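Chain order of the listed sequences is S and C. Each number in the numbering used here comes from the position in the first sequence (counting from 1) with 209 added on. Each number in the numbering used here comes from the position in the second sequence (counting from 1) with 209 added on.
Treat the hints as calculated values from the structure; they're not laboratory data. Watch out, some of these pointers could steer you wrong.
Just so you know, same-sequence chains aren't split out, so a pair can sit in one copy or run between any two.
[To be verified] DMTMM-like, lysine to aspartate or glutamate: derived pairs with alpha carbons at most 20 Å apart:
#1 Lys290 to Glu454
#2 Lys389 to Glu453
#3 Lys455 to Glu348
#4 Lys590 to Asp438
#5 Lys256 to Asp326
#6 Lys521 to Asp335
#7 Lys521 to Asp287
#8 Lys455 to Glu372
#9 Lys290 to Asp528
#10 Lys517 to Glu375
#11 Lys455 to Glu434
#12 Lys368 to Glu460
#13 Lys521 to Asp438
#14 Lys455 to Glu393
#15 Lys517 to Glu373
Bear in mind the structure is a predicted one, so any value in this text is a computation, not a measurement.
Number of protein chains: 2
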Amino acid sequence: MRNIETPALRFEINARDSEARAGVLTTRRGQIETPVFMPVGTAGTVKGIRFEELESPDLDARIILSNTYHLWLRPGIDVIKAAGGLHRFIGWDHALLTDSGGFQVWSLGALRRITEDGTEFRSHVDGSLRFLSPEISMEVQAALGSDIVMAFDECAPGKAGHEETERSMNLTSRWAKRSKIAFEGLQAEGADTGRVEAESLSGAQALFGIVQGAAHLDLRRISLEQTVDIGFDGYAIGGLSVGEEKSVMFEVIEEIAPRMPQEAPRYLMGVGTPEDLVEAVARGVDMFDCVLPTRNGRTGQAFTSRGKLNIKNARWTNDSRPLDESCACSVCRRHSRAYLRHLCMSGEMLASILLTHHNLAFFLDTMRGVRQAIRSGDFPKFRREFTGRLDANGE
Amino acid sequence: MRNIETPALRFEINARDSEARAGVLTTRRGQIETPVFMPVGTAGTVKGIRFEELESPDLDARIILSNTYHLWLRPGIDVIKAAGGLHRFIGWDHALLTDSGGFQVWSLGALRRITEDGTEFRSHVDGSLRFLSPEISMEVQAALGSDIVMAFDECAPGKAGHEETERSMNLTSRWAKRSKIAFEGLQAEGADTGRVEAESLSGAQALFGIVQGAAHLDLRRISLEQTVDIGFDGYAIGGLSVGEEKSVMFEVIEEIAPRMPQEAPRYLMGVGTPEDLVEAVARGVDMFDCVLPTRNGRTGQAFTSRGKLNIKNARWTNDSRPLDESCACSVCRRHSRAYLRHLCMSGEMLASILLTHHNLAFFLDTMRGVRQAIRSGDFPKFRREFTGRLDANGE
């Protein structure tokens, strides 16, 4: 099988189990086993967790996601350039994927105005009027020096009608083309990432295209075709988990993922729960990001092998068991539900820190299990048992 | 020299440099080198830091303080008993000192009513009417199973007049006697700490008395005499850093610390900045606790070898230096002021986590330096240089 290989990225699939694939994504920042979950580090920090913990064997995160929109507005690109790029600024030497800002601006809703050229919006930080376009997004992502750059797209609402979605999808396609042209220009000229060492950007970044089309399968297929025609190092499914029914989400994944180029990494953006991840892997997806483990960790919700668990529930008041008896993470090795509940009820920061750690450990460990199962040809059994256990809910 | 030795506590002084002393405090939870700084874990958590970090070589905290008042109100003693005591409840196997609740209740101000019997107050958690007395405080601290128990005291305001202070000091003395009687009863009967293993409390806890007297040196000396007459395993100076001038605080320490029993540990409660600690060591103090490194860490203030540094200051926007160029902690090894400022300005939890870690590392490292200097007879030089560097302020 031919696999994608650019100066910036190599992707090798080394096991399959029906549509599920296990492989290795190699960036200049090291190897990433797939399927992979990427913790979300919006503003250059995965909320509530230290980088040392992300690197620890408990988590062993090899790639995190950061948000172009947020970093562009604060601290601003000049600051990150002066530090020598995002890796140096935040102190993370592993791979970084940055989104393009398209989704973030879209989620501002009324605050934005979309034209052919790009999107005008008001900064959530200082209210100033800002403008983001495919070209600007590529420039910003070059300055960030991310290892995987996302094309600038527009996202239609999950329940958008056919006409609205078609218009939006075609705009995304034109923006994808402009993204690629701008990206290639920046790569060719070895754009200034501000990196201190005499390291050229040429061929250092990879670019992923994004398939849109909301819940309309015909438009999704056209969007896939348009995106593949332009040609990217990897392909993402965007515009899911944005208000549509879960059944619709899986319909789209099932329709699109297997049709995406076999040899390129496939990235499902912003999804989902652990069971969503396993189900999407079964449909051929390789990469994921989601705020659930971190965001829900901050509000007292733990993901466990037996389902979700709200640590504030009074039934845990005297429960000496760990969050998840099947989990070997440092939180489960040390702390009881009773203690974690106490921390949460007392509004202690440590509650967020510990739940975030456990949740990320659970997501990343689930992906480890998935990879192992695919490699040993046991994925259908893994999937069945994983989903079965979730019904034995801890609550 | 005769040193204090009870079943629960052994204290050995192994070096002196003028009034400054270095020694080892041995509890059944291990050895603690003195002078020692105790991080404050009010509600059973040192805010913003994991226990693994407290145990890491960066910090190597051997004893932390918890607040009887807070834990008594939430989660309540039943919950902690059910878990088998505070160590088990929070997952900390090293030494724990608990305050008596006296100071906490005092700091409620108008919400409390003090009688000979004890203090009536409204819970800050649920507004319920509660009553704390020497006997109840001892019972609660027995249930917590803390290694060092503090006598129940009343604290006069820093600027209290002679008469008010005298009344308060005499009450503290009577409460100290009642504390000791209650404590000894609990120790003798092997009170139920709820510990799961068949471990008796008998002789497992040590009790410290507290010297009060506000800024009145004559009353301070009487209070010391009264407290020593009752007889405790260690002696604390309470009621400082509560609104009095810093010069007054040092006057009291200078007057009282050297007169405290030579063979027992001397504990200065709730003090202070790194320079306060070094100055108090020079006057013969062995133990400290203070919320400064954790509380100020959460508001963006770093303690460094060159003075305090407010990380929000715009001058750090592009500063690639660590918080403290002389610090070897994991935060200073990895992160720049520019990044920490960004986190703080963005309201990211990681700002608090990292500043708390660094501040605790700096406090604990300062105490390591102090101990080393005393042992090598270089304490006056250490003290001079330490204070001199602070003037070369980073701001």
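I want to check one pair: Lys455 and Glu348. Are their C-alpha atoms no more than 20 Å apart within a copy, between two copies, both, or neither?
Cα proximity of Lys455 and Glu348: none, with 35 Å in one copy and 55 Å across.
Between the shortest in-copy and the shortest cross-copy C-alpha distance, which are at most 20 Å for Lys521 and Asp335: within, between, both, or neither?
between (35 Å within a copy, 17 Å between copies)
One pair to classify: Lys455 and Glu372, alpha carbons no more than 20 Å apart. Within, between, both, or neither?
neither (22 Å within a copy, 73 Å between copies)
From the Cα coordinates, with 20 Å as the cut-off, is the pair Lys521 and Asp438 best called within, between, both, or neither?
neither (50 Å within a copy, 48 Å between copies)
Classify it for me, Lys389 with Glu453: is the Cα-Cα distance of at most 20 Å met within a copy, between copies, both or neither?
This pair counts as neither: shortest intra-copy Cα distance 29 Å, inter-copy 67 Å.
Can you give me the call for Lys521 and Asp287, within, between, both or neither, at a CA distance of at most 20 Å?
between (43 Å within a copy, 18 Å between copies)
Within a copy, between copies, both or neither: where do Lys517 and Glu373 come within 20 Å Cα-Cα?
neither (36 Å within a copy, 56 Å between copies)
What label fits Lys290 with Asp528 when the C-alpha limit is 20 Å: within, between, both, or neither?
between (49 Å within a copy, 12 Å between copies)
Is it within a copy, between copies, both, or neither that the alpha carbon of Lys517 lies no farther than 20 Å from that of Glu375?
Close neither inside one copy (37 Å) nor across copies (58 Å); limit 20 Å.
Within, between, both or neither, where Lys590 and Asp438 count as close if Cα-Cα is 20 Å or less
For Lys590 and Asp438, the Cα distance exceeds 20 Å both inside one copy (37 Å) and across copies (73 Å).
Could you place Lys256 and Asp326 in one of the four classes (within, between, both, neither) given a Cα distance threshold of 20 Å?
neither (33 Å within a copy, 48 Å between copies)
Please work out whether the CA atoms of Lys290 and Glu454 approach to 20 Å or closer within one copy, between two copies, in both situations, or in neither?
For Lys290 and Glu454, the Cα distance exceeds 20 Å both inside one copy (41 Å) and across copies (47 Å).
Checked against the numbered hints given earlier, this structure breaks hints 1, 2, 3, 4, 5, 8, 10, 11, 13, 14 and 15; the rest are met.
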